[in-house]
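Make one complex out of these two single chains by using the hints.
As a plain string of letters, each chain reads:
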Amino acid sequence: MGLLLLLAALDGLATAAQVFMVAVGLTLVFGVLKILNVAHGSLFAIGAYLASTLVGLLGVPWLSLLALVAAALAVGVVLGPLIERGLLARIYDKEHVLQLLVTFALFMILEDVQKLVWGVQPLFEDAPVRFLGRIEVGGIFYTSYQLLLLPGVALASLLALVWFLRRTLLGRTIVAVTHDREVAEAIGIDSRRVYLLTFTIGAALAAMGGALAAPTTSLVPGIGVQMIVLSFAVIATAGLGRIEGAAVTALLIGLGRSFAVYFAPELEVVIPYLLMVAVLLVRPAGLFGSTEVRRV
Amino acid sequence: MTRLTRRTAFAGATAVLAAPWIVPRRALGQQKPARIRIGISTFLSGPASVFGVPGRNAAELLIEQLNAKGGIAGVPVEALVIDEAPGVNFLLGECRRLVQNENVDVMLASISSGSCLAVAPLAEELKMPNIMWDCGTQRIFEEGNWRWSVRTQANAVPEIVAPLLYLLSIRPDVQTVAVVNQDYAWGRDSWAIWKTAMEAIKPGIRVVAELFPKFGATDFSTEITRLQALRPDVVFSTSWGGELDTFVRQAAERRLFERSLFVLPLAESSLERVGKTLPEGVIVGARGDHWFLHPTARDTDRLKSFVAEYRKRFGLYPIYPTFHMAQALFALEAAYTKAIAANGGAWPSREQLMNTLRGLEFDHLTGRMKIREDGQGLEPMLIGLSKHVPDYPFPVLDRMVLFPPELTMNPIGTKGLEWVKGLSMETVAKAPAPIPYKA
Numbered sequence: 072m073g074l075l076l077l078l079a080a081l082d083g084l085a086t087a088a089q090v091f092m093v094a095v096g097l098t099l100v101f102g103v104l105k106i107l108n109v110a111h112g113s114l115f116a117i118g119a120y121l122a123s124t125l126v127g128l129l130g131v132p133w134l135s136l137l138a139l140v141a142a143a144l145a146v147g148v149v150l151g152p153l154i155e156r157g158l159l160a161r162i163y164d165k166e167h168v169l170q171l172l173v174t175f176a177l178f179m180i181l182e183d184v185q186k187l188v189w190g191v192q193p194l195f196e197d198a199p200v201r202f203l204g205r206i207e208v209g210g211i212f213y214t215s216y217q218l219l220l221l222p223g224v225a226l227a228s229l230l231a232l233v234w235f236l237r238r239t240l241l242g243r244t245i246v247a248v249t250h251d252r253e254v255a256e257a258i259g260i261d262s263r264r265v266y267l268l269t270f271t272i273g274a275a276l277a278a279m280g281g282a283l284a285a286p287t288t289s290l291v292p293g294i295g296v297q298m299i300v301l302s303f304a305v306i307a308t309a310g311l312g313r314i315e316g317a318a319v320t321a322l323l324i325g326l327g328r329s330f331a332v333y334f335a336p337e338l339e340v341v342i343p344y345l346l347m348v349a350v351l352l353v354r355p356a357g358l359f360g361s362t363e364v365r366r367v
Numbered sequence: 002m003t004r005l006t007r008r009t010a011f012a013g014a015t016a017v018l019a020a021p022w023i024v025p026r027r028a029l030g031q032q033k034p035a036r037i038r039i040g041i042s043t044f045l046s047g048p049a050s051v052f053g054v055p056g057r058n059a060a061e062l063l064i065e066q067l068n069a070k071g072g073i074a075g076v077p078v079e080a081l082v083i084d085e086a087p088g089v090n091f092l093l094g095e096c097r098r099l100v101q102n103e104n105v106d107v108m109l110a111s112i113s114s115g116s117c118l119a120v121a122p123l124a125e126e127l128k129m130p131n132i133m134w135d136c137g138t139q140r141i142f143e144e145g146n147w148r149w150s151v152r153t154q155a156n157a158v159p160e161i162v163a164p165l166l167y168l169l170s171i172r173p174d175v176q177t178v179a180v181v182n183q184d185y186a187w188g189r190d191s192w193a194i195w196k197t198a199m200e201a202i203k204p205g206i207r208v209v210a211e212l213f214p215k216f217g218a219t220d221f222s223t224e225i226t227r228l229q230a231l232r233p234d235v236v237f238s239t240s241w242g243g244e245l246d247t248f249v250r251q252a253a254e255r256r257l258f259e260r261s262l263f264v265l266p267l268a269e270s271s272l273e274r275v276g277k278t279l280p281e282g283v284i285v286g287a288r289g290d291h292w293f294l295h296p297t298a299r300d301t302d303r304l305k306s307f308v309a310e311y312r313k314r315f316g317l318y319p320i321y322p323t324f325h326m327a328q329a330l331f332a333l334e335a336a337y338t339k340a341i342a343a344n345g346g347a348w349p350s351r352e353q354l355m356n357t358l359r360g361l362e363f364d365h366l367t368g369r370m371k372i373r374e375d376g377q378g379l380e381p382m383l384i385g386l387s388k389h390v391p392d393y394p395f396p397v398l399d400r401m402v403l404f405p406p407e408l409t410m411n412p413i414g415t416k417g418l419e420w421v422k423g424l425s426m427e428t429v430a431k432a433p434a435p436i437p438y439k440a
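So the sequences go chain by chain: A and B.
Under this note's numbering, think of the first position of the first sequence as 72, with each following residue one higher.
Under this note's numbering, think of the first position of the second sequence as 2, with each following residue one higher.
For reference, chain B alone in the conformation it holds in the complex (with noise of 0.2 Å):
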């Protein structure tokens, strides 16, 4: 029998006390937390804070009445939101500060497209949970081979294609298109979805102008008397926020609304600032399967008490950033509840946590989604025309059509510019019967 000596006896405690440090913490076996930490990136300032601002309020109630009933699993949750208006470098550090200072367990980041690719390479090497909540570009899970991130929304590709199909499906006849997009990364790519699948499906429409007017504009006059003077059959705009908002105001005060049709992939973000501005007969996108008044959920308890909720709180309808940050949390928990199933009631590791949001399906607030095993999220795209009616003094959506995935996402292992190519007129005629509004 080895003798007890004071040598050893120190060696030992050494051991003890430095494991904590020396061994991953992955590596323990895991514990129930005495909470979940999540760190929240999002826009609090600058023209995305429109975004930003409804995204963390949604995580705000909602955190608050997770916590409510107990957190998940019983570990209440806490949220830390981090802005991600002062760039990529900002976000990054702030990232880091979260994982390795704060001991956040997951991050929700980010809404900008160029915070989510930068993020992602991130979260690989500091083995950091990532929920990639709002931002749009195919790109991501495309290019990138990704384990610890997921994406609890579509991407930019259904976001475009639907609202072509849309389009194609109620205007087959459709000579000219003019494109207004902001001049950055989303409106340069959008527009490129757009054309390529355009030229696709119905080869010979013209492209009349192309404008991108800079980032942040404020004054579309200029743009407004040439569309006026070139008459297209359809004016397309991915713009969002303030920049929409003025370009619709602009259009409506100008009469160009009435010389050509719009398409607006975001603009049901602006329907309730604009007001009845917006005329009928607009193409309106909700960059996913959402809306406050949506076609199939909106009857059911948990969507009006969300809605009530939070209109009482914040004073305004939820829009699309409300969402998917709610798709994102309502994913997280859906996660580690599956996760402690299979892990027997222990507590999951964040390999574990990863592992079961790849292919998990959850509820949300208006339906139920499911993240393909790259990681992308795979939800319906709610696509609608502009209706005024007296129960709202801004226009609802008439005409309602949910464009399943099958029919505007890319498949795995696929580049959705490339595969855009591939849709046809057969495309179009699979949309789906659009549901009218109902009082």
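The shape of chain A in the complex, shown without the other chains (with noise of 0.2 Å):
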């Protein structure tokens, strides 16, 4: 029994760093632009096809690890300061309706493009777990891919963001503007640049679980969906900007479902949304969620 407590944990770790690395950057988006992106699910499986396009077009196992931040980098870079100058700064005064009307919208046209570049034939590209190798754990065969660095990259990036939010000028920056955009740009921050800089930080995150995911899956049209329900899902019972709670919560959903695969396979697929009604209908704002302003 006690093996397979671990061997569980061990599995869930996993699934909650893939799912934290998602959620993060669509609590990010929506802490500081309250912008509630249902494009995000397009930038995890653009930056998911991109890097295993990356990966094989480089053919060096060693150099695959690599190809997974480049793609990352790259979709944050270029589509991220294009979608947030050419469309959502032009709707941050209009209803959230709106808002969540147009990010859908973007969210089908991406889906689209994403078609018309890599076709609808599922494409498997896993160079750099094969490079990395095998592990056992009590006569179970894991993937170190999936046993160290997914978890490791998840952990990476949460101590980052806190610390860059908490302890940089600029991380600063953003959370005064998070928590006072008029008083921020009255005393002179300007509130247009951190929107950008918040944006193409989350975009580069949701592309960044997308290429870590890559080689893990089979890219298939219509993977954004899926992550972006889990990502609400994650978020919602988080509390809406809660960058840490993400974490948790990710972690509980890992947890939950792994456990759920040993114990009650039956509830597998609901656990996420079971988590969440439960956290809901107890702490209405999430998790971690409160009526403060300050989102970040």
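Simulated from the structure, these hints should not be mistaken for laboratory data.
Using N, Cα and C, we set each Cβ at its ideal position, and we do this for glycine too.
Accuracy of the hints is not assured; some may be wrong.
Said to hold, decoys possible - Simulated restraints, written as ranges between beta carbons of each label pair:
{"no.": "1", "chain 1": "A", "residue 1": "Ser-215", "chain 2": "B", "residue 2": "Arg-172", "range": "32 to 40 Å"}
{"no.": "2", "chain 1": "A", "residue 1": "Arg-354", "chain 2": "B", "residue 2": "Arg-314", "range": "54 to 62 Å"}
{"no.": "3", "chain 1": "B", "residue 1": "Asn-68", "chain 2": "A", "residue 2": "Leu-172", "range": "37 to 45 Å"}
{"no.": "4", "chain 1": "A", "residue 1": "Leu-128", "chain 2": "B", "residue 2": "Ala-74", "range": "49 to 57 Å"}
{"no.": "5", "chain 1": "B", "residue 1": "Glu-374", "chain 2": "A", "residue 2": "Ser-215", "range": "53 to 61 Å"}
{"no.": "6", "chain 1": "A", "residue 1": "Leu-351", "chain 2": "B", "residue 2": "Glu-374", "range": "31 to 39 Å"}
{"no.": "7", "chain 1": "A", "residue 1": "Leu-172", "chain 2": "B", "residue 2": "Tyr-185", "range": "25 to 33 Å"}
{"no.": "8", "chain 1": "A", "residue 1": "Asp-251", "chain 2": "B", "residue 2": "Glu-61", "range": "44 to 52 Å"}
{"no.": "9", "chain 1": "B", "residue 1": "Glu-61", "chain 2": "A", "residue 2": "Leu-128", "range": "55 to 63 Å"}
{"no.": "10", "chain 1": "B", "residue 1": "Tyr-185", "chain 2": "A", "residue 2": "Val-131", "range": "34 to 42 Å"}
{"no.": "11", "chain 1": "A", "residue 1": "Leu-77", "chain 2": "B", "residue 2": "Asp-174", "range": "26 to 34 Å"}
Here it is in structure tokens:
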């Protein structure tokens, strides 16, 4: 039984890491820009497809890990500013429903762009997973990628984000704009620049989530939908805009799903949503949510 | 003699002009049309487009080839393709539009079983000939009597019974089984067929895990860990598309194939994508009597030229939806040809076309098949073991068995899930001899 619990926990950690990487970008963008970006799922998918393409093109195993980072950065730096300046900047003062519709429209467009560029046949490029090899735990084989790299990157991302937002001038500027945009502008902070930077980071995080997922799964049309739905569940449970909350919730969902597979397989599919409903019934603002204005 | 007055002349002219709208088209004499319009519903988006697009591609290629030789009885064929991904309501609206506004002569619908179950009643209402070209649920002709629909392929019962018979013929000592199926109708229904048939043929086989990851799952790590811990003799999965590819890759990376024998009834469609990650010795199904290296048809000009042309145009080997689309189009061509001959050379009505489709025997790319009187198609089931050969960068099928429909398909008037309870080891013993892969 002890071994089973350990195995379930290890699986849960890997799942939680993947979920967190996508949800954290979404919650960061919402926390600062106050826009629930449905197209976040597309950025995840494009990051995954681009990473897969780059890994395939490079063909050198040790370079494949760098290719994942390069793909995420490319998507963040190119698509992030393009979307923020070209689209979102025009709707910051509009109704939430309109913002949701606009990002949903963008999501639909980007879904078709994916199909145009990468087609509909599943893509699979697992060079990074093969490069890192396997680990045996209690007679069970895991991939090092799944057991070490994914949780490691997720933890590093969490710590880096928290440090950036709390300990650096730029990060504190973002927090200031989140806290009160008008006051921040009054003391000379360029909120447009902060929005641009935040969205670019959020887009890069979404793409990083996709890039990290790419070597472990087949990329098919619709992969972005799956992830955006789960990410919404995570950030709603955590409380919109809560980064540490997203980490804790991703962990709860990852472990919950994993333990369900072992002990109640029928519940596996609904675990994230059961958790969300249970939390929202008790704490309508989410696990870490509150009525205060500050979101980061 | 009646005098022609202005009033009677006006009434007569009105009647003549109004006739096409008042009298149903079918009741008027059937003239050879300028073209045959076929409405095709398939998945052009979403995860199932891995099947839908190859099906559409096959239609494009075959219709082009058909028209190059003059069409059907000299009438060119035209296809109007619609996407069934947005859901059943959208599909039904599109089918209505195609029939009522675009005047399609026949529908080829669909891939999803849910779509087929919804389109069949609509075909009755519109009196629209409908060929179900790829959907698998056995319920369609078991639970309904559809005058205007036929299916030009087998269904879920033989698709699941055949790999089970194959498994028990090569591994009669199986003790434990686990299932990893997608959590939707096909995943659940196919497992119900397998489990019921398995309990009938060899009672006592223990099911150690029933895992149904959500439809569209991108990670099977937890399921794989559990299967490694349980070490079942057999892992059964009817997953398909990207999910099957992911499951196979992740299982291979974690050496699960070394611990359990895998039975993958839909894996023929993934072979080229997963490559030699799929090890040797996995039981692979083809959802019918077709494969680009079909054991009895691989050297025929018809198959060879089709495979070559398909590869040239689309860059991939044809997979089962490609062949299913071919079966539907060949059936349509054969039905028109036969109905025209029976009609003394005159163009057949829709009723005549449907009457001809029932009981029709026709040749397709890899063999010959029949449509039963209830509308259900009968075709053998090709099952084999994966084998690595130098000729291809992906596994091929070896020790192939073509299970005849008599062994695997329930007769008219019976329910598949009940019928499989009558299977036994005697059924297993009747399996035809395996055919080895020929280099």
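Against the structure, the hints come out as follows:
1. For the pair Ser-215 of chain A and Arg-172 of chain B, the beta carbons lie near 33 Å from each other, so the given range of 32 to 40 Å is met.
2. Between Arg-354 of chain A and Arg-314 of chain B the beta carbon distance is about 57 Å. The supplied range of 54 to 62 Å therefore holds.
3. In this structure the hint that Asn-68 of chain B and Leu-172 of chain A lie 37 to 45 Å apart at CB holds, the actual value being about 43 Å.
4. At roughly 51 Å, the beta-carbon separation of Leu-128 of chain A and Ala-74 of chain B lies within the given 49 to 57 Å, and the hint holds.
5. The hinted window of 53 to 61 Å between Glu-374 of chain B and Ser-215 of chain A holds, with their beta carbons roughly 59 Å apart.
6. At roughly 56 Å, the beta-carbon separation of Leu-351 of chain A and Glu-374 of chain B lies outside the given 31 to 39 Å, and the hint is violated.
7. For the pair Leu-172 of chain A and Tyr-185 of chain B, the beta carbons lie near 29 Å from each other, so the given range of 25 to 33 Å is met.
8. The hinted window of 44 to 52 Å between Asp-251 of chain A and Glu-61 of chain B is violated, with their beta carbons roughly 59 Å apart.
9. For the pair Glu-61 of chain B and Leu-128 of chain A, the beta carbons lie near 30 Å from each other, so the given range of 55 to 63 Å is not met.
10. As the Cβ distance of Tyr-185 of chain B to Val-131 of chain A is approximately 40 Å, the hint placing it in 34 to 42 Å holds.
11. A beta carbon spacing of about 32 Å between Leu-77 of chain A and Asp-174 of chain B agrees with the range 26 to 34 Å that was offered as a hint.
Hint compliance for this structure: hints 6, 8 and 9 are broken, all remaining hints hold.
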